[in-house]
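Chemist: Here is how the chains run, residue by residue.
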Amino acid sequence: MIAPPLLTLEAVGVTYQRSIVALHGIDLTVQAGQIVAILGVNGAGKTTTLRAISGFVGLDQARVTGGCIRHRGTAIETLPPHLITRRGIVLVPERDKVFPNLTVAENLAAVVTAAAGTAERRRREQLVYEHFPRLAARRSSEAGLLSGGERQMLAVGAALLCGPELLLIDELSLGLAPIIVGELGERLKTIRSELGLAILLVEQSAAFALQMADHAYVLENGRVAAAGPAATLAADTDIQRYYLGTAAGERRSYRDGRTRPGACQ
Amino acid sequence: MQLAVNIVVLAATYALIACGYVLIYRVSRVLNLAHGELMMVGAYLLVTVASASALPPLLAVGLAAALSLGVGVLVHLFLMRRLTGQPALAAVLTTIGLGILLRGLVVLLWSAEQQHPAQSLGLANPPITLFGGGRISTLSLALVLTTGAVYGGLFAFLRFSRWGIRMRAAGQNPLLAAQRGINLNGIYAVAWGLSTFTGSVAGILIALDSGLDTTMATIGLKAFPVALVGGLDSLLGSLLGALIVATAEVVLIQYVDPLLSDVVPFLILMAVLLARPWGLFGSREELDRV
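Just so you know, the sequences run in chain order A and B.
So for the first sequence, the numbering used here puts the first residue at 670; every next one is plus one.
So for the second sequence, the numbering used here puts the first residue at 162; every next one is plus one.
Everything labelled a hint here was simulated from the structure, so no lab data went into it.
A hint or two may mislead.
[Unchecked claim] If you only want the chain B side, here are some residues facing chain A, beta carbon under 7 Å, derived:
{"id": "1", "residue": "Met162"}
{"id": "2", "residue": "Gln163"}
{"id": "3", "residue": "Val166"}
{"id": "4", "residue": "Ser322"}
{"id": "5", "residue": "Gly325"}
{"id": "6", "residue": "Ile326"}
{"id": "7", "residue": "Arg327"}
{"id": "8", "residue": "Asn334"}
{"id": "9", "residue": "Leu336"}
{"id": "10", "residue": "Gln340"}
{"id": "11", "residue": "Arg341"}
{"id": "12", "residue": "Gly342"}
Even glycine gets a Cβ: it sits at the ideal position worked out from N, Cα and C.
So that you can see chain A by itself, here it is in the shape it has in the complex (with noise of 0.2 Å):
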């Protein structure tokens, strides 16, 4: 018999204050180890889906309509966030990544490894530190004081302080420097590969994630309109111009498309 795969959604619906469908039925699987990335436009619901999969808590006002959540074959759609995260399933949110007014040092130290012990718990913090020492140098200054790489490089090792299996991160080269999102994403693949970890990226900067990723879905409006290995999609023209917005060898202004003849109307 095969293991089942890390992660499944299957026909996952999700609503927002019971009438705002953000999500209809998407079926995404990611296997252990894997880097997958979700893509997508504004709006297209590819946070929604990473919030889903991380559980949501009372004040979201959202929840899962419809399908099935699994990790390893067990149902967990309806887990509160704390328990999904324990099961090894993190996230790294887009925004309020961290704790402001706690220090690097707090926002470590509010991290809940259960599991683990105090031992294990130490090396994690230790490997860290390693891969950003950054970190290191500021750990005792509040995290509302970092910049957005430092602030990012805090979320995810909080993030890997937890412990994962499957990080599932939500733009990590959103209003960051060029520089430093080829320096987080080369960071990420030694650590991934030194833990084995699956990550499920999501991006709107298609051309970073599907350099990154193995495997790539392309959302629109809640439902996942396309699929395959990242270097199929990325050779793929159509699909580069009608979903992520960058034809190859041309380069559109949004004039070109407002002035075009029976564009609207």
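Assemble the complex: chain A is given as a structure, and chain B must be docked to it using the hints.
Modeler: This is chain B only, laid out in the frame that chain A set:
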């Protein structure tokens, strides 16, 4: 000198009660308007402990305070937990309802008569003369020292202990806290337990000093302006707020009219809300939630 002693004692009382408001607000953004009633329940628990057992006074006080901690946890488990995710206003209104319920229950269970737990415990309360000539009753001195210990303990707990850091984290961003593996309901239960515990310790010491009836809830309500003046999410603020309100109250009672005593905290509250609505030490961005 006596004036200064009175101010310090009143400030310590207010501060000890006010930190309960701050704890719960800081962690869960809920204003607990039943705090006065919960602190009264703690004091009545001492009445029961004192009459049901022959424990030495210190143990009886400890037992009653420990029971009140349990009361706070139960309030969260059976009431507030069901409100997580609802608008903060719903939670605040629920605490008002809880307060009314508790006031009724206290009369039913313990009668409306004034109680004197100090007598049933056989506790003497001799005045102590301080070096400056001021006099302070033993229990008032105990109250001042307790307030100091509670604040010291809370500061250390929130600053250095892992649970304290998690409480601060949950207060800043509950969703992220949950995503970092923190069980929010556990954190909220601890906050309610601690808040009721500190409030009840204040209630118990007041009851030992000057007797106990259902008007004790009003003292709790008078400490609410103290917490607001200081800024609802700041412990340091509630210490300072307690000092300001107590000074104004004692001075006005002394030189103007004793009847002003119940009005002063709320007058100061209005003045602060007009000038600095987020309180002296509160976070400014919390304004939209008040």
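Chemist: For each hint given before, does the structure comply? Return the numbers of the non-compliant ones in rising order.
Modeler: 1, 2, 3, 4, 5
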